Amino acid sequence: FDGDQMAVHIPLSIEAQLEARTLMMATNNILSPANGEPVINPSQDVVLGLYYISREKINAKGDGSIFVSVGEVHKALLAKSVELQSKIQLRITEKTVNERGETEKKTHRVATTVGRALIWEVVPDRMPFELVNCDMTKKNISRLVNYSYRHLGNKDTVVLADQLMYLGFRYATISGVSFGIEDMAIPAKKADIIKSAEAEVSEIQTQYASGLVTDGERYNKVVDIWSHANDQVAKVMMDGLGEESVVDAEGKTVKQKSFNSIFMMAESGARGSAAQIRQLAGMRGLMAKPDGSIIETPITANFREGLDVLQYFISTHGARKGLADTALKTANSGYLTRRLVDVAQDLVITGQDCGTSDGLIMTPIIEGGDVVEPLSERVLGRIAAVDVMDATGENLVVPRGTLLDEHWVAILDEHSIDQVLVRSIITCENRHGVCVACYGRDLGRGHLVNVGEAVGVIAAQSIGEPGTQLTMRTFHIGGAASRSATINNVQVKSAGTLRLNNLKSVVNREGNLIAVSRSGEVGLVDDYGRERERYKIPYGAVLSVKEGDKVNAGDIIVNWDPHTHPVITEVDGVVEMFHFVDGVTVQKQSDEVTGLSSLVVTDPKQRGSAGKELRPMVKLLDANGNGIFLPGTEIPAQYFLPTGAIVGIKDGGEVKVGDVLARIPQESSKTRDITGGLPRVADLFEARKTKDPAILAETSGTISFGKETKGKQRVIITDATGEQVETLISKWRHITVFEGEYVEKGETIAEGELTPHDILRLRGIEELANYLVKEIQDVYRLQGVKINDKHIEAIIRQMLRKVEITAAGDTLFMKGDQVERAALREENDRIEREGKIPASYESILLGITKASLATESFISAASFQETTRVLTDAAVRGLSDSLQGLKENVIVGRLIPAGTGLAYHEARKNRQNQGQIVESEVTSTVDADDVEEALKQALNL
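In the numbering used here, the protein residues as written are 1 to 941.
Treat the hints as calculated values from the structure; they're not laboratory data. Quick caveat: nothing in here was measured; it's all calculated off a predicted structure. Misleading hints may appear alongside valid ones.
To be verified - Calculated cross-link-like contacts (lysine to aspartate or glutamate; reagent style DMTMM-like; alpha-carbon spacing at most 20 Å):
#	residue 1	residue 2
1	Lys95	Glu56
2	Lys139	Glu373
3	Lys189	Glu130
To be verified - Pair ranges (Cβ atoms, derived):
#	residue 1	residue 2	range
4	Gly393	Arg431	32 to 42 Å
5	Arg304	Gly101	34 to 44 Å
6	His9	Gln256	48 to 58 Å
7	Val8	Ser494	50 to 60 Å
8	His9	Asn450	44 to 54 Å
9	Glu521	Ser196	49 to 59 Å
10	Asp683	Arg304	15 to 25 Å
11	Leu879	Gly153	29 to 39 Å
12	Ala111	Glu510	53 to 63 Å
13	Gly893	Val8	55 to 65 Å
14	Ser196	Ser494	28 to 38 Å
15	Asp683	Glu521	22 to 32 Å
16	Gly393	Asp526	14 to 24 Å
17	Gln783	Asp692	20 to 30 Å
By construction, the Cβ of each residue, glycine as well, lies at the ideal position given by its N, Cα and C atoms.
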């Protein structure tokens, strides 16, 4: 990248060679420690070659021939009586290993192709033929290597990978796949799609001109239309590239998968993606300005047609931003890795089993309706914390303490179990380090983790390493706005029965249900009662279905406007407006283009001192002018309007249930790039508080509003015992709850981004772990990077090391002290043994930098950041360092307490305890360790 130089160290001594061989040799590094999948996967040309020979061609030379062995196939191929893609019948012998470990042979005839027969030749014995009998895309090759590793072990897999490489290179050369301008076929429908998009845009412009939409809405809708058009062009282009018409043996014209070079490169996974082909042969689409906002006129040309000067100029924005990103992000990502390693360095596997039955509940991750990560993937390699029962709750499926490997995971799937409590590092009870049972499988080796494995460092590197990759990946799409068209409805993907969860709704004048709750969800269950899909329903969405309705795949069940948030009335009545002072609390915005005016609520910060106190509110009255209450409550029907709300009703006008009183415009998303991603990951690990965080209910109870102070409003929650908790909230914050509503502890009262500290305090450690793991995984998943959850959990465990004492009891601590969890546990155990009162405490969450500096070892903290401060602090307190982590030992030059070093230190401790360290040992070899021992003994420590 910039001409760096480095020294190469060669393992010279026998011990060094031995270690290099066992640790560094390629054969011992087949699985990735980050996600447990094989790392040695063929890529690029090799994939292309294997894909090319494994394809089928209709009406190829020698179709339907029958061969007795692969040797015969070779002969026929050399004699040119068949082609690589000819469909043939081949007699093969499959070897399988049965339950008793005996090898069984099965000889039969299979329908395959010449190319697949060649691949079958290099595949080792005891592999099923179906793994080869398909188009060998990168995914399928990976599946083949993975199967080989899991069932046949190391050696066969390494040989297989080499053989696949030779085969792939050879046939990629022969195939003649190249990259020509004719291969970029521009779809005929492109012009029509662009024309209809332009028509839609001019329709929106007309609406804007007649004042039906605001400028912001117009921009959002235009960007949406173009994103959608872009997707359509991409789709017809891929359909066009992906199929070709050929004449079969009977003279009929049929479609087959295309042999277009560019399509094959993308389809096989060798190079390129649909998004890049779209820019070559579809349209370049929307581009972003340097500040991240999207330019609303897209580039309709593609690289084959060529860009004109203006389009080229717009394109350069994106390219420049990408290059600048790359240079800056490399440093950023390296810094994140350094902080992660520093916080996690002393996390080592120290014991077999801590004996806890605690853990995290794992469920499949369902987003939008797709199962993004099935349960089987999430629990693979973990240990069940409690017995897993089937749906009836009577039959045992998995006993507790079982390592859930591929076999057990398949059993979970058979019983359609949708949640499992598994052991987790976060809940491990070990004082120092974690135990084998809480960690589970060592992903890099595929078996239970060994005692002494430095899992903290592995976790830190697994999370940090993709950061450097991801940051470099920004400019590939040349800044083409990777923003998808906004979702504005729910379309179910399979048939089933609907279940509405936690949803409050009203029926509007059209007879549709309108959602008036914020945490509502709609679930879809199949005939067996398993939940297949789940969708969140935003406030103000229109439902065209009811609880228990049967729906078919593809039905649209919910609609909403993604660009505005409505305020909806739950009663009929006459509108009365309070605190609507023109020019102070509301501005008449008349659109220059249309001359139509609407009222917009102004920001209290921009009002004069007189207007700051006023809060625009819409109250509903009955025909006699008396206030109306919300149905079934004593709460008046009144709606406070937040900043920016656009009011479309008149004072004294009549409204019906489900009508929209006001619309609150939503910001459109900036392009989602990992650029947003890396800082996001850093923010989550640093547990930073966001600017206007969501405000959560401090306790469960009923909401009421107290006396307002200057600029703040008082929300009071009264719990079942009658105790009141007050929260002051700035007036301009949009409060989502109404007077008299019942809230659960930890429910959102005011919208905003959740703060991890609040989640920990009000919802507990498990919720916090789920939130952080999900948010961090979302960023990586967006880039297609797989990281196992347990690595993120390892870092979270380190962030939760400290607790704050809330009541000291009879311990030596003081209220408000922040102490290590392990130290507190030891002290509490001691106090309980004496029959005294233990201390009570609250967990606190520290960001990774803070956690690194707050570690017990001052040597480790001083070598990380703020050296002077750490050292002066340690000197003033007279601290001692027990050298327990890896870093402090590296610094003083001792063997680190991980791997073989763990056993060495254990043995030393035991010898020391038995008083076996004799004089001669001290004098003869002046070893730093022994000097320290002698000093300790001399000082009677």
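Hints violated by the structure (numbers, ascending):
Failing hints, ascending: 1, 3, 5, 8, 9, 10, 11, 13.
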